[in-house]
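Given the structure of chain Z, go ahead and fit chains D and E onto it with the hints provided.
Chains as they are written, first to last, in my numbering: chain Z, 43 to 537; chain D, 22 to 408; chain E, 402 to 749.
Since the hints were derived computationally from the structure, they do not count as laboratory data.
These figures come from a predicted structure and were not determined experimentally.
Where is the CB? At the ideal position from N, CA and C, for every residue including glycine.
Do not take every clue at face value.
[To be verified] For the chain Z half of the interface with chain E, some residues (derived, Cβ under 10 Å), not all of them: (1) Ser352; (2) His355; (3) Ser362; (4) His375; (5) Ala379; (6) Pro381; (7) Ala382; (8) Pro500; (9) His507; (10) Ile511; (11) Gly523; (12) Cys524; (13) Thr525.
[Stated by the list, open to error] If you want the ones that stay clear, here's a sample from chain E, every Cβ over 10 Å from chain D, calculated: (14) Arg440; (15) Gly474; (16) Lys501; (17) Phe504; (18) Val540; (19) Gly543; (20) Leu603; (21) Arg616; (22) Ile640; (23) Ser652; (24) Ile666; (25) Val700; (26) Ala703; (27) Ser747.
[Said to hold, decoys possible] No more than 27 Å apart at the CA atoms, straight line, and that leaves these computed lysine-lysine pairs for DSS-like: (28) D:Lys365 to E:Lys501; (29) E:Lys501 to E:Lys524; (30) E:Lys686 to D:Lys273; (31) E:Lys612 to D:Lys365; (32) Z:Lys231 to Z:Lys368; (33) Z:Lys248 to Z:Lys210; (34) E:Lys726 to E:Lys714; (35) E:Lys686 to D:Lys179.
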Amino acid sequence: MKRSLVLIAILVSGVSFAAEEPPRQVTPATVTMQFSEAFGEMQRPAVEFDHKAHTKALEVEGCETCHRIDDNGVLIPLLESGLEIDNRDDLIDAYHDSCMGCHRERSAETLAAGPNTCGECHVRRQPGVSVRAEMAFDYSLHARHAKAFEDKCENCHHVYDDVTEELKYEKGKEEGCRSCHGAVDENRKLSLANASHRACISCHLKRLRSELESGPMLCAGCHDLEQRNAIKRLEEVPRLVRGQADTIWIHGADAKTATVAFDHLSHEPVTGSCSTCHHQTLKPCDECHSFVGSPDGAGVTMAQAYHLSSSEHSCVGCHSQRVAEKLCAGCHHTLSATPAERTCVVCHNGPPQGSQALETAPILVDLRLDPLPVPSDDYPETVVIEALVDTYEASTLPHAKIVGKLDEIVRESRLAGRFHSDTTTLCSGCHHHSPAGTRPPPCRACHSEEANATRDFPGLKVAYHRQCIGCHIAMEIQKQGCTDCHEARAEEVQP
Amino acid sequence: MSDSAVPEKKWITPFNVFAAVVFVVSLPLIYLRWFHGIGSVTNLNQDVPWGFWIGFDVMAGVALAAGGYVMATAVHLFGMKEYEPVVRPAILTGFLGYVLVIIGVGFDLGRPWNAPHMLLQPGLASILFLVGLHVGLYCTTQFVEISPALFEWLGWKKWRKIAVSITLGATIFGVILSTLHQSALGAMLLITPTKLHPLWYSPFIGLFFFVSSIAAGLAMVTFEGMLSHKFMGYRVGIDQDRLDRITLGLGKATCITLGTYFAIKLLGVAHGHTWSYLGTPMGLWFLVEILGFVLLPCVLYLVAYREQRPKLVRFAAFITVMGIILNRLNVSFIAFNWQLPHDKGYFPAWSEFWISMLFVTAGIVIYRWIVSRMPILDNHPDYGSIH
Amino acid sequence: MSISRRGFLGGLGVSALAAGSTDAEPHTEHSYFEVPDERYGLLHDTTLCVGCRSCEAGCKEVNELPPIERPIGDMAVFDHERRTTDTELTVVNRYTVDGKDIFRKHQCMHCNEPSCASVCLVKALVKSPEGPVLYDPDVCVGCRYCMMTCPYYALAYEYSSPNPRVMRCTMCYPRIIEGKVPGCAEACPMGAISFGKRSDLLVLARDRIAKHPGRYVEHVFGEYEFGGTSWLLLTGTPIGNLGLGSLENVSHTPLPELTKSFLSIVPLVLTMWPGLLLGFYAFTKRRNEVSEEEARARVVEALMQADEETKTKLAAAAERAGKDKERAIAQAVKKALEEQAAKEGSDE
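Same shape as in the complex, but just chain Z:
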């Protein structure tokens, strides 16, 4: 029996607990070759082509080993002619001949070569997680390119003429690439990836070979997050001019509300690129987002396009993101995501639809904010909170200091300034659910002293703590511990 116990002990101690393995990462330089349209159901797993390894191995030989450079100097990805092969077997053969042909040649010359067997390329493994970062232009990068091309936009921008079935350049109609080029190739319209690779990399290659300053040539240069973030940024980014007005009236067709004066010039520096708002095309919003919604705008109505608080591209959505930031969140984290009705007029204060005044661009001036009052009974310097003194001493609230700080924050932000033109709005952050005025009601006017944990209407203790600590957490102010605001009472035994 002892023998069996020892055996059990050995067995038991041999157990290890299951550990979770992190998912396999697929690097940016990997091209996963999937052609399900041509091949139907794939018999073997898709090949994950390591472009980086190939560029390294063929550094001396150069890109032309695999890629063809056409008459216009555009670098064509391998087997672009494969786009025209319809027959499954022929397509397979084309790839196999190219890849394995080269590998066999190199092995024959005893050079480092890739695999020749099926399983070494078509490796059966768990699907990985791609860490390829999407590439996008911001104002700085665009400005650098514009400078390199001496502001000759036609070098990159084009439109497609349906009639002549050709690409041409139209000044004033330059768009971002994404407005036409989608995720996949559609007949002659290349996918965004294909289009941008041909355009960008060919140019970079040409410049590199002419020993000029050039952009990245390799996948990771654009698609590896770290390398992308390391791309040089201009200190002062010149304004991207495309004939846009500085200020405009927003008055959508068929809309009946009072119009909105929009300061386009001020909004440009706070966005990363035009597509922050003009997410699909540089046309005005109401061209796709009609009043009742249309297929062009994916059914999103005009009202939603401007007001949807969950969207990054709408006015209200972007503003909601701003007030969620540290400096604003102290008060704003308690407010509902839907803007209060009294704030509509902050924007909707233009002339009515169809009015003559809409023909001239609006003039927007910064609102003048009233100065804070001098401390008085109505606006105390400090407030001593001594109700509920029990385990802790009374707390002294630096009332004027807090409001002063809020005032400072509002004055430094043009957005805040627009909405907080009335100083009494600063009171509403703490003195909530009551009319704004010069002497707002104290907390205990509504929150009774008995702790009442039975409803969402807190008692006085919870009201104080939730309000104060909640704000400090949202604004990342390190005054969140008990004794940061009120000292412990000496006689009480600290729990």
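Here is chains D and E on its own, set in the frame of chain Z:
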């Protein structure tokens, strides 16, 4: 009746010395457990409330004591008279096993003096209630089944007659109870889907425990038959040849049972779609359990039966017994709470092993005492031959 | 049928006895526990919890347990994930999600259909109509099956006591039936714990989610998990990030349901096994009897055959003996005659 003479009564034997050491060292442990709480002699913690005592003493103990009902069924219900010589030892082992389980449970319970409440205000939805009730009833039933031997020894003819007349009823009742409580021990884990590893958790877990208990019982009967013959040979009423034939027969039965058990375990994995877990460390451990301790002895039994090798049958029985113990320990605390981080894990304290060893040793000592006096391994001269 | 009448009746008696000792079979449609709408619950909003542990201190005071070891404000206490113990009926833990610290209070969830109450074999744990799951240490045997089944690891045991109890949050039952509020809810300065009727709290929780859509995960944990709990959770991150990974996306079926399939087999075995086993016994007995009869018949036949053979042999032997005797007599007569003749010849 064996021809060998009754050996001289020696007090100082290796086993007796060992048993004495076990008893003596247990005394302070027993004191600690009752006066300073279970925590003083176990490594149980708030996350792991059932450890070695439940896993080994209770779960494995009940499974290994299943020989009683298995052999009683074979001999009394299926009429396999050739196994008559091992029925009484099997039932005695079963009875002592259950007595020790009850004592073991009493040791593990926090407030065993409240046990009568189980009958006064039972929690009828609790499978543990079922186990408790049936273990108590079954222990009594096994006592009734073994009582003829006791009465033969005492010479109480009338009592013996009564006991023999209700043997059939007791056997049937015993099988009913065993079916239920053997499977109930496994079914107790049905209510813990988030805590038992998916490879062991299955709606069929009751069935797994029941079938494996049959294999456990048969293996234990084989095992102790060998031990009895070796150490208590002077009392054994059959010769080695006869024992070998019985052993081979038991081996055949165990082979079939283990094969069935293996198949239904695989069904459990298929039913739960848990194949993907087999590649994980716990999955490998599961494979060790079912391949090394279920399939392997099954194959060994098959080979042993075809080549008529009783020694191999006994070896396979040993592995089977180990496998049952391993399975019960897995379900109690190895595959149970498998997601707990290492620092919250549990490994039994030496005192837990020691107390379990105390129970097993006590069982052996009592068994030896009974067998050396009462007609268990052989028959009472007044009451016919077991051949 | 050679099974004796006595034996048959005895078998039936066993069956009746067994069936009589049956455990109550639960009706599969009904639950074990009545869940009145009026029952209380608690709502814990983890976005409001700041980890001050006033709830722990309040709980200890109300339950007359030793005071908390580490003072409020000692953030080092959060370095390890803690669980409830026999002296700490509730604990607050810190979880770091996307760089932010989130705190969550953990304690017995007072499930609507508690697995602990279902498995207690002495009914020491019961679900009260007011909502809390109550524990009676005076009937508890200390089997700790309840601790085994609790999916929230909420129960603790007094392992160091010779008279141990299971220790868990009681939802301050004596206080709530007096109209007061549980100790933790009263102590919490942030109002992260709300107490009230469970149905009201669900409305409150949904309301908060609607008012602050970005702040909460759109799910009230405890509404349906394993049949629902009395403690409800509002979180800003999936519950798996807050130490309840094994409870994420679990079934809505209450845990006690999982034992019903087995418990329903019990009466089936109790009623079927006696007949089945008696059947085996009868079958075996009959087969033995038949084979014995056949054996006997064969013996008789063999004997008869042997008898016939013997008679034939005897007759043949007798005939042979007779013939031998005649031959012997004839030879003896012949010899005697020859001797006589020879003697007469020699006389002349």
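Hint check:
no.: 1; hint: Ser352; in the structure: 7 Å, holds
no.: 2; hint: His355; in the structure: 17 Å, violated
no.: 3; hint: Ser362; in the structure: 8 Å, holds
no.: 4; hint: His375; in the structure: 8 Å, holds
no.: 5; hint: Ala379; in the structure: 6 Å, holds
no.: 6; hint: Pro381; in the structure: 13 Å, violated
no.: 7; hint: Ala382; in the structure: 13 Å, violated
no.: 8; hint: Pro500; in the structure: 4 Å, holds
no.: 9; hint: His507; in the structure: 4 Å, holds
no.: 10; hint: Ile511; in the structure: 6 Å, holds
no.: 11; hint: Gly523; in the structure: 5 Å, holds
no.: 12; hint: Cys524; in the structure: 6 Å, holds
no.: 13; hint: Thr525; in the structure: 7 Å, holds
no.: 14; hint: Arg440; in the structure: 20 Å, holds
no.: 15; hint: Gly474; in the structure: 26 Å, holds
no.: 16; hint: Lys501; in the structure: 23 Å, holds
no.: 17; hint: Phe504; in the structure: 20 Å, holds
no.: 18; hint: Val540; in the structure: 4 Å, violated
no.: 19; hint: Gly543; in the structure: 2 Å, violated
no.: 20; hint: Leu603; in the structure: 24 Å, holds
no.: 21; hint: Arg616; in the structure: 28 Å, holds
no.: 22; hint: Ile640; in the structure: 13 Å, holds
no.: 23; hint: Ser652; in the structure: 8 Å, violated
no.: 24; hint: Ile666; in the structure: 8 Å, violated
no.: 25; hint: Val700; in the structure: 20 Å, holds
no.: 26; hint: Ala703; in the structure: 24 Å, holds
no.: 27; hint: Ser747; in the structure: 76 Å, holds
no.: 28; hint: D:Lys365 to E:Lys501; in the structure: 26 Å, holds
no.: 29; hint: E:Lys501 to E:Lys524; in the structure: 43 Å, violated
no.: 30; hint: E:Lys686 to D:Lys273; in the structure: 23 Å, holds
no.: 31; hint: E:Lys612 to D:Lys365; in the structure: 40 Å, violated
no.: 32; hint: Z:Lys231 to Z:Lys368; in the structure: 44 Å, violated
no.: 33; hint: Z:Lys248 to Z:Lys210; in the structure: 22 Å, holds
no.: 34; hint: E:Lys726 to E:Lys714; in the structure: 17 Å, holds
no.: 35; hint: E:Lys686 to D:Lys179; in the structure: 25 Å, holds
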